[in-house]
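Same order as they appear, the protein sequences are chains G and F. Per my numbering, the very first residue in the first sequence carries number 379; after that it's consecutive. Per my numbering, the very first residue in the second sequence carries number 154; after that it's consecutive.
Since the hints were made in silico from the structure, they are not lab data. A couple of the hints might just be wrong.
Unchecked claim - Straight line, CA to CA, 25 Å or less: simulated DSS-like cross-link-like pairs of lysine-lysine:
(1) F/K241 to F/K271
(2) G/K447 to F/K181
(3) G/K447 to F/K250
(4) G/K498 to F/K241
(5) F/K650 to F/K250
(6) G/K447 to G/K521
(7) F/K330 to F/K359
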Amino acid sequence: MFATLFPDIYRKYLLKHSRSDALSPYLQAPLSSPQNTILETEFLALDFETTGLDANTDEILSVGYTVIKNGRIHLGENGYHLLKPEADIAAHSVTIHGITDDHAQEGMALLNMLEILLQKMAGRVILAHNASIEQSFLNSACKKCFGHILPLRIVDTLKIEQRRLERRHQHPATNQLRLFNLRHQYHLPRYNAHNALEDALATAELFLAMAHTHCHDLDNCKLKEFL
Amino acid sequence: MEIEQLEIRDYLSQCAPLDKLDPAELDKVIHALEITYVRRNRELLTIGGTNHTLFLIRSGAMAVFDEHDELQGQYTDGDWVGYRSVLKGGEITLSVKAMEDSLLYCIPGSIFLPLYEKHEYLQHYFSRQKPARLRSAIEEIRDLQHNPLVSTHVRELVHGQPLMVDESTSIRQVAEKMTRTGYTVCLITRDNKLTGIVTDRAYCTKVVARELSLDTPVTEIMTQNPRTIPANSLGSDALLMMARNNIRHLPVVEQGDVVGVITATDLIRRQSHNAIYLINEIYRAKDVDELETLSQQLPNTLLSLVQNSLTAYDIGHAISSIGEAITQRLLQIAEKQLGPAPVPYAWVMAGSLARYEQTAYSDQDNALFLSDDYEENAHGVYFEQLSQFVSDGLNQCGYHYCPGDVMATNPKWRQPVSVWQRYFNEWIEEPEPMALMYSSIFFDLRCVYGEASLLENIRTEVLKKTQKNTIFLGHLLANALQFHPPIGFFRNFVLEKTGEEEKALDFKKRGVIPITDLARFFALSAGHPALHTQDRLEAAAEAGLLSHDGMEDLRDALEFIGTTRLQHQAWQILNDEELDNFVSPEQLSSLERRHLKDAFDVVRTIQSVMAQRY
Numbered sequence: 379m380f381a382t383l384f385p386d387i388y389r390k391y392l393l394k395h396s397r398s399d400a401l402s403p404y405l406q407a408p409l410s411s412p413q414n415t416i417l418e419t420e421f422l423a424l425d426f427e428t429t430g431l432d433a434n435t436d437e438i439l440s441v442g443y444t445v446i447k448n449g450r451i452h453l454g455e456n457g458y459h460l461l462k463p464e465a466d467i468a469a470h471s472v473t474i475h476g477i478t479d480d481h482a483q484e485g486m487a488l489l490n491m492l493e494i495l496l497q498k499m500a501g502r503v504i505l506a507h508n509a510s511i512e513q514s515f516l517n518s519a520c521k522k523c524f525g526h527i528l529p530l531r532i533v534d535t536l537k538i539e540q541r542r543l544e545r546r547h548q549h550p551a552t553n554q555l556r557l558f559n560l561r562h563q564y565h566l567p568r569y570n571a572h573n574a575l576e577d578a579l580a581t582a583e584l585f586l587a588m589a590h591t592h593c594h595d596l597d598n599c600k601l602k603e604f605l
Numbered sequence: 154m155e156i157e158q159l160e161i162r163d164y165l166s167q168c169a170p171l172d173k174l175d176p177a178e179l180d181k182v183i184h185a186l187e188i189t190y191v192r193r194n195r196e197l198l199t200i201g202g203t204n205h206t207l208f209l210i211r212s213g214a215m216a217v218f219d220e221h222d223e224l225q226g227q228y229t230d231g232d233w234v235g236y237r238s239v240l241k242g243g244e245i246t247l248s249v250k251a252m253e254d255s256l257l258y259c260i261p262g263s264i265f266l267p268l269y270e271k272h273e274y275l276q277h278y279f280s281r282q283k284p285a286r287l288r289s290a291i292e293e294i295r296d297l298q299h300n301p302l303v304s305t306h307v308r309e310l311v312h313g314q315p316l317m318v319d320e321s322t323s324i325r326q327v328a329e330k331m332t333r334t335g336y337t338v339c340l341i342t343r344d345n346k347l348t349g350i351v352t353d354r355a356y357c358t359k360v361v362a363r364e365l366s367l368d369t370p371v372t373e374i375m376t377q378n379p380r381t382i383p384a385n386s387l388g389s390d391a392l393l394m395m396a397r398n399n400i401r402h403l404p405v406v407e408q409g410d411v412v413g414v415i416t417a418t419d420l421i422r423r424q425s426h427n428a429i430y431l432i433n434e435i436y437r438a439k440d441v442d443e444l445e446t447l448s449q450q451l452p453n454t455l456l457s458l459v460q461n462s463l464t465a466y467d468i469g470h471a472i473s474s475i476g477e478a479i480t481q482r483l484l485q486i487a488e489k490q491l492g493p494a495p496v497p498y499a500w501v502m503a504g505s506l507a508r509y510e511q512t513a514y515s516d517q518d519n520a521l522f523l524s525d526d527y528e529e530n531a532h533g534v535y536f537e538q539l540s541q542f543v544s545d546g547l548n549q550c551g552y553h554y555c556p557g558d559v560m561a562t563n564p565k566w567r568q569p570v571s572v573w574q575r576y577f578n579e580w581i582e583e584p585e586p587m588a589l590m591y592s593s594i595f596f597d598l599r600c601v602y603g604e605a606s607l608l609e610n611i612r613t614e615v616l617k618k619t620q621k622n623t624i625f626l627g628h629l630l631a632n633a634l635q636f637h638p639p640i641g642f643f644r645n646f647v648l649e650k651t652g653e654e655e656k657a658l659d660f661k662k663r664g665v666i667p668i669t670d671l672a673r674f675f676a677l678s679a680g681h682p683a684l685h686t687q688d689r690l691e692a693a694a695e696a697g698l699l700s701h702d703g704m705e706d707l708r709d710a711l712e713f714i715g716t717t718r719l720q721h722q723a724w725q726i727l728n729d730e731e732l733d734n735f736v737s738p739e740q741l742s743s744l745e746r747r748h749l750k751d752a753f754d755v756v757r758t759i760q761s762v763m764a765q766r767y
C-alpha cells in the first residue's frame, strides 16, 4: 500500500536497502513528478501477453513497448521480447496471443527480460491500457526475482476514459472501453495485429489522442491530470 | 518481433514515394520515425517559423494556406505535408492546419534529405518545381509505351470460324469454296482432326506449276501436320513463330479444337495503328451504311491508341483524322450522286476536329465557304442538298447534329466568301457575347475538302485584324478566363478554391478548355494561323506573348490533363459505358491526383498572370 501511495519515498527507501545491483539504475532515476507537464514527461507504453489473467499463477509470454518523448512516439525505441514460460501454454490461450510452446522455447528468461525492461523504465511513466494486468504481472515478476515490488508511476488509458465518463455521470457501454473501440472513438486508424508491440503502439497513439483532445492547453497540461 | 514486421512498415511500404525505397532504406526511415497527433483546428506549421520534419498523414486531414490565407490544398491519408520547408532549409512559407484530428508520421529531415539527394524519384515527387514534376510524370507514362502484341492474346486476334473441309474433298471443290467465301486459307481434316492446311498460294506453286488435275484430292497440295498455336499465346509469340518458320498462317487451337486461323496480316494490322487501317477502309467505303459500320470502330481505335500509351496530342490527331476522312468520303459520295459542284467551295470543319484535338465522337460543327461566283437561284439547291447529305451522313456515323445549328445545312453558315468576310468583320469589330461564343468555333476552322484558298484568303485578312484590335482581344481573353481548373482533389471530392467539394470534374470544361481558350487568344493576338493548341502555344512563345517556360508548362499541363481524360474514356469504352468527360476522383491514384494538381496550378497561375496583364 505504502509502495503505491508514496512511490518516490519507497524508491528512496529501496535505493538504500535493496541488495540487487540490477535494480539500482532504475531506482536512481527519480519518478516523474505529477507536477511535470505531459510534454516534458517521458512514457514507456507497455503491453504484456500472458498465459492468463492471474498474476499469481499465469506467466508473461511476451513484452512490447515504445517510448513517448516530447509528445511524440519514437519508433526507434521500440522493443519486443518473447519469454520462456515455466509451464506449458494452455491451448485456449494460444488462440488469443498466437504464441505456441515451440515459439516460447526460444524466448528469454524472466530475469533477463526484467533487466532490459528496467533500463527502459528508468525515469519514465508506465503507460498501458487496463494497466492492472501489466502492474500485477510486473509486481509478481519483481517479487519472484528481487523479493519485493518496485515503485511505479502508471497512467492507464482505460482509467482515463472511465474517469472522464464518471465525471459526466455516464456509464460505458459493453466493450466501449476496449482499446480498439476507444481508438475508433478517437478517430485513430484501424489496425489488425494483436501482439504486445502493436498493442503498446496502439495504446501510445490513443494516449496522444486523449491528451490532445482533453487538455485545453497542452503546453501546460500536467501529468497529475492523468494519474 | 522485429520492426520489419510492424503494420506501420506495411503501411509505409505502400505509400508513394516510399514504396520505391529499398527495404534497408525503409527500415532506416522506420527506426527514425516518430508519431504525433494534431487536434482539429490546430496549426501544425506557422508561416515564419522553422520546420525540419516531413509529415505523412496516417489519418485525418490537413489544409495548406498561403500568406494571404488562401487555400492551397487539402490533404488526407497517405498525403505529405511539411516537405516544402524541409527542402527550403527549414523556412516555413505555407501554413498547415489540421482540419480534423490527425495522426501523423514524422520523418526527420536528417534522414530524409540524404535519401532525397540519392533518389531521382524522390526529387520528382517532392520537387518544388511543379512543372518539372509534371514533365517527369509525362515521361514516365511514355516509358510504358509497349508493343500491343505483347499484351494481346492470339484468341482475340482470330475472327470468325475457319474454313474446314474433309481430306476427301477435291482441289476444285476447295478452290470453289475459297473463292465463294473469300477465305485465303482452308484447313483440311480427317475425322474432324486437323491434318493439313492449304492457302491460295498453293494453287500457284503446286496446282499450276505441277499441272495437277483439279479432281485430285486436296491432300496432294496441302501442307501436312501444320504448326498450330494455343489460343492463350501472345500475339508476339505468333509473330515469332511465323517469322522462324516462314509461314503466314497459323491455326489457333483451344482444348484440342481449331478455333480459327490467324494470318500475318492480322498481326501487322494490329501492330500498326489501326487508325491508319481504318482511314484506308473509310476511303474505300461505297456508301453511307458502310461508313457507318466503319465509324463504329472509332471507340476501339481510341481504346487501342490509349492502351499503346500514345500522347494525347497524337491520339487527338489520329481520331480527328478519322472524322476528317469520313467527311471527305461523304463529300466524294455526294458529288458522285449530285454531280460536280457548279462553283468552287470549301467544306470547313470547326472546333476540336479542326484543331486536331478530337477525342471520341463529338457533335458536328461545319460550314461551307462558297466562291463569290455563287448565285442563289442557280446553285442554291445543289449546295443545300450537298450539305444535307453530308450532315445526315455524319449524324449517321455518330457525329450528331450540332445543337447550336452550326452546320452547313443552316443557310447562315453556307455563304459566299464575301458574306463570310462581313461576318468576321462584325465579330471582330463589335464583339458581343454571341460573337464571342462563336469565336471558339469560327476562329478554329480548317478546310477538309474543296478549294482551301476560299478559307485561307479570309484567314489572312482576319488574323491581320485580330492582331490589332485590342478591344476584341480583351473580350476574347475575358472569355478565356471564364473557367478555372479546381485546386485539386480531396478524398473523393474535387476541391474548389472556395473550399467547396464536387463529386466529379468536367475535364473538358475545367481542364482542356481553359488551355485551348488561352492558346486561341495567343494565336489571334500574334496573328498566327496555327490551329492546334500546342502549335499555338509555341507560336505565342515565339512571338514573345508567353515565356518559353510558360509555354512548356501549359503544354505539359494539357498533355497530362488530356491523357487523364483519354484514360477515363478508354475505361468507359472497356466497360461499355457512354463516353463523357466527367472523371471522379475515385478513379485517380494518389500520384495522378498529385500531378493533376500540379497541372491545374500551372493553368491557374498563367490565368491569373494574364488577368493582371490585360
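To see whether the hints hold, each was checked on the structure:
1. The suggested pairing of F/K241 with F/K271 holds, with an alpha-carbon distance near 17 Å, which does not exceed 25 Å.
2. Taking the CA atoms of G/K447 and F/K181, the gap is near 19 Å; set against the 25 Å cutoff, the hint holds.
3. A hinted pair counts as satisfied when its Cα atoms are at most 25 Å apart, and G/K447 with F/K250 qualifies at roughly 23 Å.
4. A threshold of 25 Å between alpha carbons decides the hint, and for G/K498 with F/K241 the separation of about 37 Å lies outside it, so the pair is violated.
5. Only pairs whose Cα atoms come within 25 Å are accepted, and F/K650 paired with F/K250 is accepted, the gap being roughly 16 Å.
6. Annotation: proposed proximity of G/K447 to G/K521 is violated, straight-line Cα distance about 29 Å (limit 25 Å).
7. For the hint linking F/K330 to F/K359, the alpha-carbon distance of about 18 Å falls within 25 Å, and the restraint holds.
In this structure, the hints that do not hold are numbers 4, 6, in rising order.
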